[in-house]
Amino acid sequence: MSALVRALRAERIKLRHTLAAWMVPLAPGVILLLSLVQLGFAHVPPPGPTDPMEAWKHFCQGMFTLWLFLMLPLFITLQAALLAGLEHGHHQWKHLLALPVPRRTHFMAKLCMLMAMVAASTLLLAVATPLVGWVIMQLNPAQGLTGSPPWAWLVSRALASIVAAGALMALQGWVALRWQSFTVAVSVGTAGMVSGFLIGQSDRLGHWFPWSMPVQVFLRDGVHLWFVLVAGLVAGVAIAGFALWDCSRREYD
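According to our numbering, the residues represented by the sequence shown are 57 to 309, in order.
Be aware that a few hints might be false.
Unchecked claim - Under the rule of at most 25 Å between Cα atoms (straight-line distance), these lysine to any residue pairs were calculated in the SDA-like manner: (1) 113 <-> 283; (2) 70 <-> 88; (3) 70 <-> 257; (4) 113 <-> 258; (5) 70 <-> 216; (6) 113 <-> 236; (7) 70 <-> 237; (8) 113 <-> 212; (9) 70 <-> 279; (10) 113 <-> 200; (11) 70 <-> 113; (12) 113 <-> 92; (13) 113 <-> 238; (14) 70 <-> 176; (15) 70 <-> 121; (16) 113 <-> 280; (17) 113 <-> 176; (18) 113 <-> 277; (19) 70 <-> 158; (20) 113 <-> 180; (21) 113 <-> 81; (22) 113 <-> 204; (23) 113 <-> 278; (24) 113 <-> 279; (25) 70 <-> 157; (26) 113 <-> 209; (27) 113 <-> 259; (28) 70 <-> 81; (29) 113 <-> 197; (30) 113 <-> 134; (31) 113 <-> 215; (32) 70 <-> 156; (33) 113 <-> 291; (34) 70 <-> 60; (35) 113 <-> 216; (36) 113 <-> 82; (37) 70 <-> 92; (38) 113 <-> 257; (39) 113 <-> 94.
Everything labelled a hint here was simulated from the structure, so no lab data went into it. As the structure is a computational prediction, the values presented were derived from the model and not from experiment.
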């Protein structure tokens, strides 16, 4: 455990002032800005008369659907590739794997950092969503956002979406670590995102595909919530275990 802690500290130092670090606030910031412009300034027809709490849930669901459907898969793809690229790009694997610590420790640290950045961005979006909602409340009261937002509901769903993304994070992390080409990792992630956008709209298949599992937390009143939670967690652990075994037995240039 102490070796993993040291590896995580080293990863944190290497990430300072990098694009991967800046992407943690920037990625959810794009979603927040787009929603603010669309609902606060543009002439968008407001929803019909509804309960204030339902209006808040509808607003939060729209924000997170956009995040989980499109932005999060691309975010995970880019972050995994950037994390692995810190070593791939400078041919540092030989040095790291020669250190007197278990080889899998370095790969585990990469996966842990990827999960930490995904969790940080998703929770940042959850905290900032009501703040943007309050701004929209002042700019465009016709949207129906009044009263207090459903904090407990929003945070619990955000946490659930992080767990549901476990399989995707582990899979994309393995691809980025296994192949040294940045193009391979980005191509797999982009293909998965496009496929997930189409498959995720299917009630029969959407909750089975790793790229569309997270958004199922908010779609269809969360009918597949528990399935994607368990599947994302179990598949994430299984894929991460395989990734550690596979990468630890390889020789890197």
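For each hint, the structure was consulted:
Restraint check for residue 113 and residue 283: satisfied, since their Cα atoms lie roughly 22 Å apart, inside the 25 Å limit. Distance hint between residue 70 and residue 88 is unfulfilled; the C-alpha atoms sit about 28 Å from each other, more than 25 Å. With a C-alpha separation of about 39 Å, the suggested pairing of residue 70 with residue 257 is violated against the 25 Å cut-off. Taking the CA atoms of residue 113 and residue 258, the gap is about 22 Å. The hint holds against a cut of 25 Å.
A hinted pair counts as satisfied when its Cα atoms are at most 25 Å apart, and residue 70 with residue 216 does not qualify at roughly 29 Å. Taking the CA atoms of residue 113 and residue 236, the gap is about 42 Å. The hint is violated against a cut of 25 Å. A threshold of 25 Å between alpha carbons decides the hint, and for residue 70 with residue 237 the separation of about 20 Å falls inside it, so the pair holds. At roughly 13 Å between alpha-carbon atoms, residue 113 and residue 212 fall within 25 Å of each other, so this suggested pair holds.
Distance restraint check for residue 70 and residue 279: the Cα-Cα separation of roughly 41 Å exceeds the 25 Å cut-off, and the hinted pair is therefore not satisfied. Only pairs whose Cα atoms come within 25 Å are accepted, and residue 113 paired with residue 200 is accepted, the gap being roughly 11 Å. The suggested pairing of residue 70 with residue 113 is violated, with an alpha-carbon distance near 39 Å, which exceeds 25 Å. The suggested pairing of residue 113 with residue 92 holds, with an alpha-carbon distance near 16 Å, which does not exceed 25 Å.
The straight-line distance between the Cα atoms of residue 113 and residue 238 is roughly 38 Å, outside the 25 Å bound, and the hint therefore fails. Our distance criterion of 25 Å between C-alpha atoms is met by residue 70 and residue 176, whose separation comes to about 18 Å. Straight-line distance between C-alpha atoms of residue 70 and residue 121 comes to about 32 Å, which puts the hinted pair past the 25 Å bound. A threshold of 25 Å between alpha carbons decides the hint, and for residue 113 with residue 280 the separation of about 18 Å falls inside it, so the pair holds.
A C-alpha spacing of about 21 Å is found between residue 113 and residue 176, which places the hinted pair at or below 25 Å, so the restraint holds. Restraint check for residue 113 and residue 277: the C-alpha separation of about 11 Å stays at or below 25 Å, so the hint holds. Of the supplied pair hints, the one linking residue 70 and residue 158 holds, its CA atoms being roughly 20 Å apart against a limit of 25 Å. Of the pairs offered as hints, the one joining residue 113 and residue 180 holds, with about 17 Å between alpha carbons and a cut-off of 25 Å not exceeded.
With a C-alpha separation of about 23 Å, the suggested pairing of residue 113 with residue 81 holds against the 25 Å cut-off. The straight-line distance between the Cα atoms of residue 113 and residue 204 is roughly 11 Å, inside the 25 Å bound, and the hint therefore holds. Simply put, residue 113 and residue 278 have alpha-carbon atoms about 13 Å apart, close enough for the 25 Å limit, and the pair holds. With a C-alpha separation of about 16 Å, the suggested pairing of residue 113 with residue 279 holds against the 25 Å cut-off.
Annotation: proposed proximity of residue 70 to residue 157 holds, straight-line Cα distance about 19 Å (limit 25 Å). The straight-line distance between the Cα atoms of residue 113 and residue 209 is roughly 8 Å, inside the 25 Å bound, and the hint therefore holds. Taking the CA atoms of residue 113 and residue 259, the gap is near 21 Å; set against the 25 Å cutoff, the hint holds. For the hint pairing residue 70 with residue 81, the CA-to-CA distance comes to about 18 Å; that is within 25 Å, so the pair holds.
With a CA separation close to 16 Å, the supplied pair residue 113 and residue 197 stays within the 25 Å bound. A distance of roughly 29 Å separates the Cα atoms of residue 113 and residue 134; the hinted pair therefore is violated under the 25 Å criterion. Pair hint residue 113 plus residue 215 holds up; C-alpha atoms about 16 Å apart against a cutoff of 25 Å. Of the pairs offered as hints, the one joining residue 70 and residue 156 holds, with about 20 Å between alpha carbons and a cut-off of 25 Å not exceeded.
The straight-line distance between the Cα atoms of residue 113 and residue 291 is roughly 29 Å, outside the 25 Å bound, and the hint therefore fails. Only pairs whose Cα atoms come within 25 Å are accepted, and residue 70 paired with residue 60 is accepted, the gap being roughly 15 Å. Restraint check for residue 113 and residue 216: the C-alpha separation of about 16 Å stays at or below 25 Å, so the hint holds. The suggested pairing of residue 113 with residue 82 holds, with an alpha-carbon distance near 24 Å, which does not exceed 25 Å.
Of the pairs offered as hints, the one joining residue 70 and residue 92 is violated, with about 34 Å between alpha carbons and a cut-off of 25 Å exceeded. Only pairs whose Cα atoms come within 25 Å are accepted, and residue 113 paired with residue 257 is accepted, the gap being roughly 20 Å. Of the supplied pair hints, the one linking residue 113 and residue 94 holds, its CA atoms being roughly 17 Å apart against a limit of 25 Å.
Going through the hint list in order, the structure does not satisfy hints 2, 3, 5, 6, 9, 11, 13, 15, 30, 33 and 37.
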